[in-house]
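Trainee: Spelled out from the first residue to the last, the chains are:
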Amino acid sequence: MSGNWEILGETGLRFFGKMSASISHEIKNVMAIINENAGLLEDFTVMAEKGMPIDPQRLKTRAAMIMKQIRRGDEIIRGMNRFAHSVDEPLQQVDLSDTLSLVVALSSRFAFMRGVTLELEPPSTQVPIITNPFFLQNLIWLCLDFAMGSTGAGKAVVLKAEKTERGAKIQFSKLQDLGRREAESFPGERETALLQALKAGLVIRKELGEMHLTFPAQAER
Amino acid sequence: MSEKVLLVDDEQDFLDAMATRMKDRGMDVSTTTSAAEALKKVEEGAYDAVVLDLMMPEMDGLEVLKAMKEKRPELQIILLTGYATVQKGVEAMKFGAMDFIEKPADLKALTEKIHQASSQKMVLVEKKIQEKIKRMIQEKGW
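Chain order of the listed sequences is S and U.
The first sequence lines up with residues 0 to 220 when you count with numbering that gives the first Met the number 0.
The second sequence lines up with residues 0 to 141 when you count with numbering that gives the first Met the number 0.
FYI, nobody ran anything at the bench for these hints, they're computed from the structure.
Bear in mind that the values here come from a model prediction, so they are computed numbers and not experimental data.
From the three backbone atoms N, C-alpha and C, an ideal C-beta is built for every residue, glycine too.
Heads up, some of the hints might be wrong.
Said to hold, decoys possible - List time: in silico DSS-like cross-link candidates among lysine-lysine, alpha-carbon distance up to 30 Å: (1) K65(U) with K27(S); (2) K40(U) with K70(U); (3) K93(U) with K59(S); (4) K87(U) with K17(S); (5) K3(U) with K49(S); (6) K112(U) with K49(S); (7) K39(U) with K154(S); (8) K27(S) with K127(U); (9) K27(S) with K22(U); (10) K49(S) with K107(U); (11) K93(U) with K17(S); (12) K17(S) with K168(S); (13) K40(U) with K87(U).
Said to hold, decoys possible - Computed far set for chain U versus chain S, every beta-carbon distance over 10 Å: (14) K3; (15) K87; (16) I132; (17) E138.
To be verified - Here are the computed distance ranges between Cβ atoms for each label pair: (18) S19(S) with D105(U): 17 to 27 Å; (19) A45(U) with G8(S): 51 to 61 Å; (20) A20(S) with S33(U): 17 to 27 Å; (21) Q91(S) with K22(U): 20 to 30 Å; (22) E125(U) with R13(S): 46 to 56 Å.
The following block holds chain S by itself, in its conformation from the complex (with noise of 0.2 Å):
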């Protein structure tokens, strides 16, 4: 696989960062929240000591939050394990699809921040294709960057992953300020090395308010 490594590198740091720092900042919100309700807990164990009376609904409410809390937190460790598996190898079969419902999850943060509804379309099909998986990822996530800051008063971007005859694409629809954001520079430099290193394709189509991204089924080694 060829490719500007000084780039790429540097780039895969700040994304492997960036995603890093979002993941602990939502296990801590997590613990957080389990942190309370067990104290909630240990308030009313006191209060029982003290001879007052507990509502079991009361205590029922206050585990079933918790048990919340922890499928939350066993949802994002999975999706951090499968993401810091993803430089294992430099080729490997993925499910487009799947990759991209990983980058979904793992943006769903700044999405959240930004005010933006992330809608993924489930596919018909599986979406396989053999590539890179961390620079696929890389690449996802600057396109949905630069998609959630061009959706306009919609702030909403529609995503797709689906086969097509040499390989497969992803959609970002939606964007209804593709055409303000036409001056700044996009594709830069980062998303033109992953796009090289991936031999992939991209093209904007501002009158639909689309960005399209293409894969081949294989990328080469």
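Model the placement of chain U on the given structure of chain S, informed by the hints.
Mentor: Positioned in the frame of chain S, the structure of chain U alone reads:
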């Protein structure tokens, strides 16, 4: 007298549990998940302390802090965050935060800070009143 506290965080489940515990400790607690609503509440009510999450949608926590301090300079704001960095802490103090606490917070420590905030606010308000009286006396020539 119970402290009047405003809790601001984007996680509703966190607010619910934290507010319940604080109310059980005799505090008068209001909550909101929105930065804009928090600013409105600060304008409308006299809080002894605001516990504010640094990472808020719509507006950055430091921006919210700055806007609150502009509206009510005497307001005591304790920042709560999932990731405490020295740089953020220094910035927060520069903008007038009373303290900076990392999540998950220890409620005992937070409660102490709220008591402290309440006393500090009282001192500031009393000082303001004294200055006002002094100015009136000077103006009237009493």
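Trainee: Now, for every hint given, state plainly whether the structure supports it.
Mentor: Cross-check of the supplied hints:
Only pairs whose Cα atoms come within 30 Å are accepted, and K65(U) paired with K27(S) is accepted, the gap being roughly 25 Å. About 11 Å separates the Cα atoms of K40(U) and K70(U), which keeps this hinted pair within 30 Å; it holds. In summary, the hint linking K93(U) to K59(S) is not supported, as the alpha carbons are separated by about 43 Å, beyond the 30 Å threshold. Annotation: proposed proximity of K87(U) to K17(S) holds, straight-line Cα distance about 17 Å (limit 30 Å).
Between the alpha carbons of K3(U) and K49(S) the distance comes to roughly 27 Å, so the proposed pair stays at or under 30 Å and holds. Pair hint K112(U) plus K49(S) holds up; C-alpha atoms about 27 Å apart against a cutoff of 30 Å. Straight-line distance between C-alpha atoms of K39(U) and K154(S) comes to about 24 Å, which keeps the hinted pair within the 30 Å bound. In summary, the hint linking K27(S) to K127(U) is not supported, as the alpha carbons are separated by about 39 Å, beyond the 30 Å threshold.
Between K27(S) and K22(U) the CA atoms are separated by roughly 24 Å; this keeps the pair inside 30 Å, and the hint holds. Among the hinted pairs, K49(S) with K107(U) is consistent with the structure: their alpha-carbon atoms are about 20 Å apart, no more than 30 Å. A C-alpha spacing of about 26 Å is found between K93(U) and K17(S), which places the hinted pair at or below 30 Å, so the restraint holds. Under the criterion of a C-alpha separation no larger than 30 Å, the hint pairing K17(S) with K168(S) is consistent with the structure, at around 25 Å.
Only pairs whose Cα atoms come within 30 Å are accepted, and K40(U) paired with K87(U) is accepted, the gap being roughly 25 Å. No Cβ of chain S comes within 10 Å of the Cβ of K3(U); the nearest lies about 20 Å off, and the non-interface call holds. With 10 Å as the threshold on Cβ separation, the claim that K87(U) sits away from chain S holds: the shortest Cβ distance comes to roughly 12 Å. Here I132(U) stays apart from chain S, with its beta-carbon at least about 43 Å from theirs, past the 10 Å limit.
Every CB of chain S lies more than 10 Å from the CB of E138(U), the least distance being 49 Å, so the non-interface label holds. Separated by about 26 Å at the C-beta atoms, S19(S) and D105(U) satisfy the suggested range of 17 to 27 Å. Our hint of 51 to 61 Å for A45(U) and G8(S) holds, since their Cβ atoms are close to 54 Å apart. A beta carbon spacing of about 24 Å between A20(S) and S33(U) agrees with the range 17 to 27 Å that was offered as a hint.
For the hinted restraint 20 to 30 Å between Q91(S) and K22(U), the CB-CB distance of approximately 52 Å leaves it violated. Between E125(U) and R13(S) the C-beta distance comes to about 50 Å, which sits within the given range of 46 to 56 Å.
In this structure, the earlier hints numbered 3, 8, 21 are contradicted, and the remaining ones agree with it.
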